[in-house]
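Visitor: Now for the letters of each chain:
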Amino acid sequence: MTTTAFRGQLEGRPRPAEAAVRLLFRVAAAATVVITIGIVLALVIPSIGFFAEVPIVEFLFGTRWAPRFADASFGVLPLVTATLWTTLIALLFAVPLGLGAAVLLSEYAHWRVRKVLKPVLEVLAGIPTVVYGYFAVQFIQATVLKDWLQLQTGSFSVLAAGFVMGVMIIPTIASISEDALSAVPNALRQGSAALGANRMQTTLRVIFPAAISGIVAAVILGVSRAVGETMIVALAAGQQARLVAGPLEAGQTMTAFIAQAALGDSVVGSLEYDTLFAVGLLLFIITLAVNFVSISIVRRVRKAY
Amino acid sequence: MVIHTAVRTGASLPDRPYGQLECEHVDVYYGSFRAVTDVSLPFGIHEVTALIGPSGCGKSTLLRSLNRMNDLIDGARVDGRVTFMGEDIYGKRVDAIEVRRRIGMVFQKPNPFPKSIYDNIAYGPRVNGMRVDDMGDLVEEALTKAALWDEVKDKLKQSALGLSGGQQQRLCIARTIAVKPDVILMDEPCSALDPIATAKIEDLMHELRDEYTIVIVTHNMQQAARVADRTAFFTAQVDETSGDRTGVLVEFGKTAQIFENPQDQRTEDYISGRFG
Chain A
1 MTTTAFRGQL
11 EGRPRPAEAA
21 VRLLFRVAAA
31 ATVVITIGIV
41 LALVIPSIGF
51 FAEVPIVEFL
61 FGTRWAPRFA
71 DASFGVLPLV
81 TATLWTTLIA
91 LLFAVPLGLG
101 AAVLLSEYAH
111 WRVRKVLKPV
121 LEVLAGIPTV
131 VYGYFAVQFI
141 QATVLKDWLQ
151 LQTGSFSVLA
161 AGFVMGVMII
171 PTIASISEDA
181 LSAVPNALRQ
191 GSAALGANRM
201 QTTLRVIFPA
211 AISGIVAAVI
221 LGVSRAVGET
231 MIVALAAGQQ
241 ARLVAGPLEA
251 GQTMTAFIAQ
261 AALGDSVVGS
271 LEYDTLFAVG
281 LLLFIITLAV
291 NFVSISIVRR
301 VRKAY
Chain B
1001 MVIHTAVRTG
1011 ASLPDRPYGQ
1021 LECEHVDVYY
1031 GSFRAVTDVS
1041 LPFGIHEVTA
1051 LIGPSGCGKS
1061 TLLRSLNRMN
1071 DLIDGARVDG
1081 RVTFMGEDIY
1091 GKRVDAIEVR
1101 RRIGMVFQKP
1111 NPFPKSIYDN
1121 IAYGPRVNGM
1131 RVDDMGDLVE
1141 EALTKAALWD
1151 EVKDKLKQSA
1161 LGLSGGQQQR
1171 LCIARTIAVK
1181 PDVILMDEPC
1191 SALDPIATAK
1201 IEDLMHELRD
1211 EYTIVIVTHN
1221 MQQAARVADR
1231 TAFFTAQVDE
1241 TSGDRTGVLV
1251 EFGKTAQIFE
1261 NPQDQRTEDY
1271 ISGRFG
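Keeping their order, the protein sequence lines are chains A and B. Per our numbering, the first sequence starts with residue 1, numbered consecutively. Per our numbering, the second sequence starts with residue 1001, numbered consecutively.
Treat the hints as calculated values from the structure; they're not laboratory data. Predicted model, so just to flag it, every value in this text is computed and none were measured. Some clues are possibly wrong.
Partner residues aside, some chain A positions facing chain B, computed with beta carbon under 7 angstroms [stated by the list, open to error]: (1) G191; (2) L195; (3) V206.
Computed footprint of chain A on chain B; a stretch qualifies when at least three of its residues, placed anywhere within it, have a C-beta under 8 angstroms from a C-beta of chain A [what the hints assert, rightly or not]: (4) 1066–1080; (5) 1089–1101; (6) 1107–1117; (7) 1169–1177.
Using N, Cα and C, we set each Cβ at its ideal position, and we do this for glycine too.
Only chain A is shown next, with the shape it has when bound in the complex:
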């Protein structure tokens, strides 16, 4: 056999489509990284100007937030307490209800029921948050809390805002944890049933632990949405920055402050303008921290078995 005739046959031919597609994917991947870095820079650079004038300790631990007053004060704690209250209240409602709905849909409901219920649930996620905000102020705060329950509260409260925000994130938590529960192989359900476990035992002791990383991801997403939600809290929690000590009090959250300050009456480059970015950066760091902590919790839980 002559080898000269074969020479070169194994050499690669140019594949332009392959190269183009690879380039496209590279651009897509790079874009997300560049945009993320851009956002961080946009937050960090104005914040540097801010922290040059306001000591970071005063910002983090000060208890009076009054950036527009003559005797300006930049203690961010009042905003943080309002955000914590609304977020915790939202999770208090959304986590049990969301997980309950997920378990019902995934483990108990007949497939015909599931086919109807799941889209209905997801419609809740499509309601604009401004609608939720008015619902919180007009109905929950004014009618339910004040008229019906006769509670001692003003026109706004973190309870009304938090509750409605909870309703808003139920579909997020329910839908993602339902996906996680449904993804657990049926073999585990059958194995559990064959040992004489009832459906609740199977769900709580086998399916839930097996789906825990997806469920935690759902809750994290819920937390992120609650921390970052703006319209509901701006409308229903109030616009007064003060330390919030109870659920019936009003208070301005970090996001509500940013929305208010960004409305346009502060001069670009002024200290007041830079506060916006300092608060935004803090919000970003809090969300990031929540994510990291949750991921490490999931890792530890999964190592346990």
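Following the hints, put chain B in place on chain A, whose structure we already have.
Guide: Same frame as chain A, now just chain B:
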């Protein structure tokens, strides 16, 4: 083809089994599809009964109806009677959960829970609220009976998912034993395993026969011959007018008789390799 039959034949095996578990004219439907038609079959106490036959003959479907696992499938329905110790397990006041505690099941693919080896075994006794003096002893006993103790005794707290396929399947058997059932149903328990792991499980079945009634579905005729006291041969029957397929029982007898002296032409064709 020469097939060596089970060790325990002849004198020690009664001519007619004492059926601890019994099917009487059982039909199994999935919606309007009749997967199994008119099966009457006794499963002898402390015997191994093998269900063999070609794919689609309804043997796995029949097996799942013996401990009401079919309840978990939408549209599945059983006609006729399945009795355990004389009680109809589909009776109005019967709780499927009680049935499954007494009639356990081992599946085709090993399905350990994503928990530790220890918790896999302890799960059944815990969910059943069994009164256990020392769970550690119970776990050891179950793993010993399943011939797995020596391999895992130093890593009981490790994930069961780290075990090999054969070890996982023996863990699933141990898990079943731990709730102290009377009957163990096995749905092709070795089909996902290599020959060495298969041999271990077959040895195990010989051991377990002394304490449990075992029903095994298998595709492997040599396996049926090696482990079973009695064998039931099923086939898929096609209705000539409608074209519907349904599983029927062709022949049931002592394993030696089924393999050495089949009475039905279809059985003979199947075991001699002319079909399926």
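Visitor: Determine which of the earlier numbered hints do not hold for this structure and return their numbers in increasing order.
Guide: As far as the earlier hints go, not one is violated by this structure.
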